[in-house]
Amino acid sequence: MGILSNLEPKNVFHFFEEICNIPHGSGNVAQISNYLVDFAKERGLYYEQDEMKNVIIVKEATEGYENQPPVIIQGHMDMVAVKKPDCDIDMKTEGLRLAIDGDKIYAEGTSLGGDDGIAVAYGLALLDSATLKHPRLEVVITVDEEVGMDGARVIDLSNLKANRMLNIDSEEEGIFLTSCAGGARVNCKVPMHPVEMEGIAYLVSMEGLAGGHSGAEIHKERGNSNCLMGRILYRLTRRMSIGIHKLEGGLADNAIPRETKAVIVVAEKDSAAFAEIVDAEGMKIVEELASKDPGAKVQVSEEGKGAFSCVTGEEAALLASYLIALPGGVQAMSADMPGLVETSLNLGVMKLTEDALCVSFSVRSCIESSKHALIAKVEAITAMAGGSNTVTGDYPGWKYRVNSPLRDKMIDLYRRMYGEEPKVEAIHAGLECGLLGSKIDDLDCVSFGPDMKDIHTTEETLSISSTARVWEYLVKLLEEKDA
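Each residue of the sequence shown is one higher than the one before, starting from 1 at the first, in the numbering used here.
Hints are supplied without guarantee of correctness; some may be wrong.
[To be verified] Pairs of lysine to any residue, SDA-like flavour, derived with a Cα cap of 25 Å: (1) 409 x 437; (2) 261 x 278; (3) 10 x 101; (4) 220 x 329; (5) 269 x 367; (6) 292 x 330; (7) 104 x 42; (8) 261 x 277; (9) 10 x 51; (10) 292 x 221; (11) 439 x 367; (12) 481 x 70; (13) 476 x 173; (14) 261 x 207; (15) 246 x 302; (16) 84 x 461.
[What the hints assert, rightly or not] Label pairs and their computed distance ranges (CB to CB): (17) 304 x 392: 49 to 57 Å; (18) 267 x 465: 57 to 65 Å; (19) 416 x 154: 19 to 27 Å; (20) 131 x 388: 24 to 32 Å; (21) 351 x 133: 48 to 56 Å; (22) 93 x 305: 20 to 28 Å; (23) 338 x 392: 52 to 60 Å; (24) 392 x 336: 54 to 62 Å.
Treat the hints as calculated values from the structure; they're not laboratory data. Built from N, CA and C at the ideal position, the CB exists for glycine as well.
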């Protein structure tokens, strides 16, 4: 018996648990994609699987719904696979360890992947049912959404008949999303030339941060461990000569990094001053983040004496200056929609390799020209540091549709079911609706989903009761005939 076997709706949670048992981090989707194909084959449903491993499964309309407009059910099969430092799960080969705490489902030591496993579970439950009433269903499950929407970029939708789409990739019940920001990933590389340096090595850790989704939670101004480590390194290089032996932080460009580690080598005569500087800067950071990120802390431990391969001298100072010069976080708020972030970027991944400092950003904006201007700023700063960059995963925003029969229908049904108005909003996070909309003429689309918290982090949770209510709403929506 599964961990979720006693939860309702049974079929939804059954498929969600099956998905969680299959490793499906971005870039590791072959197994989950083949599982979806096997599901379709076992039920005699039409399916397509492309070279990227995107999957489309079609179920024809039930009796009496043959003349109703067909509907696309859409989500992505990949998840942001992150784990706690002490977690022994290999997320490339092992499933998740699910657990329940009251109304919440979580995964022990790792992210849960409710974003977007719950969309896949809803889609499979609809396709599996022999009793639900619905029009033709075209379930579109893409790959690698979390790393640049690569699946949505190449998927062929020419065999689809629908121009109405329910994107189930939102994390707050009662909110219908109708537009979103566009984005891109910027990968930067600044050459470095390590040399041998003798001294005392110290491990400096910027840790305890809350992190979060760089679109959904960037406005909370939580600490970015990569940027904060840059501050510490800059203070040090302004006062003394240091060697940077190791530097690494963050797990995904679109996740606000929670932990960054640096191994710093200093001459024995500078050890007291080193400790003083790190302690002083660490205290400032903790004080600044006391309300926004109360778990922030800087830890220092001695690693030993010896000779270490390090970025030293002027190059170490250049590295620190580069990091502190880079922009980060919210860059502009929308003047048209109060409270909506207009433009932002997140330094999500940083690593010092044998020959370069490599950093990756997620850049977002609901204004295309502002997005490219911010990318140009990162390019210029990188070039001044002697580096280069590439831009990947550039995707368009999703423009608000003034006339939307689907949105009107959904709002009306929500009023009748719950006796209140749903919220209709735009978000700063990226969704696949813009890319998919470029492939389907006159696409009418709304994004929604059940309550989830702390997606893309090891604290991610999915609400059981909200999952049930959104399922009930989805079933009623498909059952409701157009006038």
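Taking the hints in turn, this is what the structure says about them:
| no. | hint | verdict |
| --- | --- | --- |
| 1 | 409 x 437 | holds, 20 Å |
| 2 | 261 x 278 | holds, 13 Å |
| 3 | 10 x 101 | holds, 18 Å |
| 4 | 220 x 329 | holds, 9 Å |
| 5 | 269 x 367 | violated, 52 Å |
| 6 | 292 x 330 | holds, 14 Å |
| 7 | 104 x 42 | violated, 32 Å |
| 8 | 261 x 277 | holds, 17 Å |
| 9 | 10 x 51 | violated, 32 Å |
| 10 | 292 x 221 | holds, 7 Å |
| 11 | 439 x 367 | holds, 21 Å |
| 12 | 481 x 70 | holds, 11 Å |
| 13 | 476 x 173 | holds, 16 Å |
| 14 | 261 x 207 | holds, 8 Å |
| 15 | 246 x 302 | holds, 14 Å |
| 16 | 84 x 461 | holds, 15 Å |
| 17 | 304 x 392: 49 to 57 Å | violated, 39 Å |
| 18 | 267 x 465: 57 to 65 Å | holds, 60 Å |
| 19 | 416 x 154: 19 to 27 Å | violated, 40 Å |
| 20 | 131 x 388: 24 to 32 Å | violated, 58 Å |
| 21 | 351 x 133: 48 to 56 Å | holds, 52 Å |
| 22 | 93 x 305: 20 to 28 Å | violated, 38 Å |
| 23 | 338 x 392: 52 to 60 Å | violated, 32 Å |
| 24 | 392 x 336: 54 to 62 Å | violated, 29 Å |
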